[in-house]
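Visitor: If you want the building blocks of each chain, they are given just below.
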Amino acid sequence: MKHGMKSIAIALAALMGGTAGVGCSGDENPGPLSNVDALIILQRAKRNETGDVFEYTSYLPGARLVKLSPPSADGTLTPICCDQGGPDFRNIDISSYDISFDAKQIVFSGKLAEMGHYGLFLLNLETNAIDELPTDPGRDYISPIFVPGDFIFFMTNAVVEVGGFQHEDEYERRTTTQVGRIKTDGSMHELGPRHLSHRVYPSLTSDGRVIMTQWNHLGGDNAAELMYMDPDMMNLREAFGREGTGAANSTIKPIEISPGRFVAIATARDRTVQAGSLIDIRLGTVVEKDGVVSAYERQAEARATYQRLSPDVPVTNNPSADTVGRFYDAYPLNAKDKPDLLVSWANGPVESQILEAANLSANFGIYLYDSERQTRLPILDDPMMWDIFPRPLRTRTAPPFIGSAIDPSLGLAAEIGSLNVYDSTMKDFAPGSIYGVRIVEGYSSEEGFGETFGVTMFEGQSVMGIAPVLADGSWRARVPGNVPLHLQAIDKFGMNLMSEPVWFSARVGEARMCGGCHEDRTKAVVVDPGQIAAFSRPPVNARADKARSDRNSDIFTRDELAGVPWDRAIQPVFNAKCVSCHGQDNTAGIAPYTITDPVTGESITLAFNLCGRDVVAGKCDGSIPNANIGGQDLGNELTYSYLSVMGLDREAVATGGLVMGGNYRTYANPENSRDSFMIRLLNPVQQWPTQNPNIRAFTTAPHMQGKGVDLTPDEFNALVTSIDLGGQYYSRENNPSLEQDDN
Amino acid sequence: MKNLSLKLAAVAFVALGATSAVAGVGGSADKIHAAINSRSVDAIVAEIERAENLACTECVDLVATLTAHDRVEVREVAAWWFAKRRSLHKAMADQFLVVLASGDTIAVRNAADFLGRSSTFRALPALRAAAKRELGPEARLAMVRAVKHMHLRGGNEVLTAVMTDKDARVRAAAANAWREIRKQENAAPVVALLGDASPLVRAEAATTIGGLRDRAGVAGLEALVVNDPDATVRRNAAWALGEIGAASSSVALGKASGDASGLVRMTAKVSLGKLH
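As you go down the protein sequences, you meet chains A and B in turn. Residue numbers for the first sequence follow the numbering used here, beginning at 1 and rising by one. Residue numbers for the second sequence follow the numbering used here, beginning at 1 and rising by one.
Bear in mind the hints are in silico, worked out from the structure with no lab data behind them. In this text, all values refer to a predicted model and were calculated from it rather than measured experimentally.
Partner residues are not named here, just some residues of chain B that face chain A (Cβ under 10 angstroms, in silico): (1) Ala43; (2) Phe121; (3) Arg182.
Away from chain A, derived, C-beta distances all over 10 angstroms, residues of chain B: (4) Leu97; (5) Val99; (6) Thr105; (7) Ala126; (8) Asp165; (9) Asp196.
Below, in silico cross-link-like pairs of lysine-lysine (DSS-like), each with a Cα-Cα straight-line distance of 27 angstroms or less: (10) A/Lys183 x A/Lys104; (11) B/Lys166 x B/Lys132; (12) A/Lys619 x A/Lys577; (13) A/Lys577 x A/Lys707; (14) B/Lys132 x B/Lys148; (15) B/Lys255 x A/Lys183; (16) A/Lys183 x B/Lys274; (17) B/Lys183 x A/Lys546; (18) B/Lys148 x B/Lys183.
We treat Cβ as the ideally placed atom computed from N, Cα and C, and that holds for glycine.
One chain only, chain B, in its complex shape:
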């Protein structure tokens, strides 16, 4: 453990006497500073949570800086911190709304994460407009996160807009988020993604269709559960067919019950038993 001791001696400055871990209690600007200096995402998140009530100028500046951190966990906790301070939150949100309209990919990413995680519902129109801009996947993934966190159907248009993104991660994230919208009535835009070129997208689409029990996806799911080359897709399709429960799926699920992959077999068998 020699290396450990030497390295720890070199960073002893960060040991600022951490106290018992109760959220909202015991935070300070110094502790946030030390956590940031350590580069520990875990420590930064913990210290921001602990600084729930702090409103010192230095804290505001520090946390504002974190809204542009390269890790989403940090950006999100910074937004959460501001959400508890109405005036500051409003001022920050106003700026980020402007950024959505004109910022570059990273700026929009940061803005969307802030507005989403702080439940800034009035940002939905701006998010819808931003989804139509030519931006990189980082920004679009953040928009999806924002809409997913808000759970409002006003975000549907954002999701449908990015379902055609050239980046499969964006399409998959949008398919996934569709299920997380409150009072979502069907999975119509997601059904088309069952034929996506990316197995990542097909897998997420199958899960969402199953989660929403949208019978419009049955034919596509039956095709996937038997023929898709990706075992995770077949597995998710099998689960979705069980959730929907259409009797017509018995043939496809019967075949899938003998799937060579252990990811698929048991799910297909159980889904077969759920058909009406």
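Excised from the complex, chain A in its bound form:
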């Protein structure tokens, strides 16, 4: 790749009408870069294959790190990496980097050849030497940042679980990256607890925490949002994007402007070359002092706000307009209300399909962006390269070191709990209404699922255990460490009262107590073991001592149930107790419904039918329904019973603009058994603390009364749990790949 030494878009500067000084000699206005002697900039070969915001494997040789001094259009550009490394570095690509606190080192993620992986390298700016950090050569390590304590925090697809496989995004198929850290001397390589999907773009905050982008995928939620984590990979907390506060589907590349305030890129998940619009996020109460606007106090996701700093730039993947373009990243130079930013920006649509069709690539260059006037002053634009991640080469103050205690007595487990589950910003619980907390493990297609788990868009889920809530609202449980979990508050009938709307995980040996059940995030959590009932007894063992391969169960009783395989845990109940009336002959006489494609007039008719793939004499022939209409597969070739209860694929119905007519009814609401028609009709019995068939959840007469044999308490529990876990057809227990022998 031929590097142009400099290609400065002077003409463009005039067009933009920018006037802010960039530190050029003779400029009376010192400008936001006046105290910066030099910039470090990453130059990568231009490409179009990084549309997905989580893409990290793209490789094209020819990257380099350069220093621009002074940081202006007429500055001198000096390559600093990696020709000095010799032939081994001839074909390197570099995906990101960070400068140490003392500005004497750079850590970068680099890949030396097509057949290889991204590893971590340290560049000594005084000796010019490059040393590779000792990471697994068979895995990728990306997005390194320096954090206090001589650690480097990174993202990697290496797996913390011995013998395990990295989570794959079920719907986008890609292998996820997770958190890890390593000392700058190469020691203490540690991998952190895993999320169920992607984590990318960490950056350090002034209070010593790390903020990063996390793809949250729980049921219908599909968005890249910001999360906080301590540098030791503990104390994960939501930061921005949920609870209706997000600016776009994906918020990426957050960099702190001032405490509690961040500049980030808001964009669509795909086709935008990981670029988008600039947003200024304020997580707490906004205060202004001496020209510095910050938002550190009372940080809470629900109260977070943002401002669009580039309002013309789309936050979707709609092509951007000429002269509007998209921003790849931004670095704040001050904390004014409308800050000055170093940005990487490209003109044009910055949308992969249009670019490729025109045989073009986005051309990112470095600019000084005045967000008050929304003007750009060009600093560097090599037309052959992406010029990205401009950072001042200067010392910075290291934030405080944050470290939490690891409890070695926990072994491979972690301990979780809440002080008072009734303390919640999301729901007002009636006193005494919560029996316990259902602890649920999540997994994805990496366990061999070749298809979706069902029609409801939930991932694979498995019950780890139920932790009773004690008199003061507290609870405590031991869980498998490093495993994605989510929690549900349940009543004495085992029905979900509220689902924590996010996956979280705790590091092996980590003990984390929440204040409540998604409590006010501005409250300090004070744990006083002498005052909290949960500490007066041993924690519930929520399969904490089980390996992944053992965290399942073929026994579907209340106390043994893990996953709920529809064909094995639910269908036999239907076959025995339901299909006599709700078989293919529909002797119950429930009116059918139709699905119509309004464009073609084509329609199909389906009726409530609880048959599965089993043949039940005179009632079920083992066939599955044809639910293809209007170009949509509404049933994913699952059974009549599953589709009758869980409904047709709702996204497909919406996508196809299909019209439901007749007696269409949703019998089960995923994650909400309590309000599910079927459950209200059946009227489940008490599960906790003891199963009692004489105590019903609702005052109405149970459906089975006078019609046949009622469900047993265990059968009720399986049905309720199936719905509350999202209503999936598949789980570990009926994983299609398990049918395959290793032969």
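With chain A held as given, fit chain B onto it using these hints.
Guide: Quick look at chain B alone, frame taken from chain A:
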């Protein structure tokens, strides 16, 4: 930016009002068509993902065509799309199983990528048989990808068969994939590859032996970490010795700690500290 504007005007037809990017929502045959016409791998992949639920005849035809695309990313997303449609998947898989037995290199490549990425586990016997056929590296690399994706030990025989391929990329890919098999007990077939003529293969073999912590590879790794002319091989060998942790490796790793290459030094030092 004049050139940019002119070129974009010429392809304005592809701007079909892209909507918010949520997988599985908003797909259409027209959008897949436009993405294919643009030749953008990124756009094709995005639109197939978005068409997760689409089952129109035109979509089936379009996606079926993509199973023979020249880019593996596209072939893989096409297989993923079919994997969600049981009947269609079965029909396609049946055809591809036949291809494995009789197709030419490119046809077998496409078949293996489809069967692997769609987790068609019943294809393992056919893949094992195909691995013994005289086929080009494209086909054999695809077979390795297929086995690697399935993670099943039934694929081991495919990997061992192609570890003798004359193309170093194939041997290296097989060495790499060996580590990705669920419940893989040792790296025995890979140990022999430590003496391969290609540094690419030696590097991958070292990584796999280290990843599986197979002590049978210690002697070979100790020789490589000191003597191999390729720095990446020495580096991977140093890492592998640290993972295995045999005390006997201290001499070799001690020497490697002073390696002239920055790729090797720190890894060797850290591995030295891991020895038991």
